[in-house]
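**Q** Sequence:
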Amino acid sequence: MPAALTAYKVPRRVVVVEELPRSQIGKILRREVRERLLAQG
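The sequence shown lines up with residues 793 to 833 when you count with this note's numbering.
No lab work stands behind these hints, which were simulated from the structure alone.
Keep in mind it's a predicted model, so treat the numbers as computed, not measured.
We treat Cβ as the ideally placed atom computed from N, Cα and C, and that holds for glycine.
Since no wrong hints were added, every one of them can be taken at face value.
Beta-carbon label-pair distances, calculated as ranges:
hint: 1; residue 1: A795; residue 2: R826; range: 28 to 36 Å
hint: 2; residue 1: P803; residue 2: E827; range: 12 to 20 Å
hint: 3; residue 1: Y800; residue 2: V825; range: 17 to 25 Å
hint: 4; residue 1: R823; residue 2: Y800; range: 17 to 25 Å
hint: 5; residue 1: A831; residue 2: A795; range: 33 to 41 Å
hint: 6; residue 1: V825; residue 2: A799; range: 18 to 26 Å
hint: 7; residue 1: L821; residue 2: A795; range: 32 to 40 Å
hint: 8; residue 1: Y800; residue 2: A831; range: 24 to 32 Å
hint: 9; residue 1: A796; residue 2: Q816; range: 40 to 48 Å
Could you put the whole structure together from the sequences, leaning on the hints where they help?
**A** Structure, rendered in structure tokens:
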């Protein structure tokens, strides 16, 4: 097993959040997550 990941597999940034926005049935609202990340800059 290689010791390092290739560049495209490494995330550009990691954001730790307390809670992800979810729909009424429990699915993560990806659009809302994306909008929040873009608003942060």
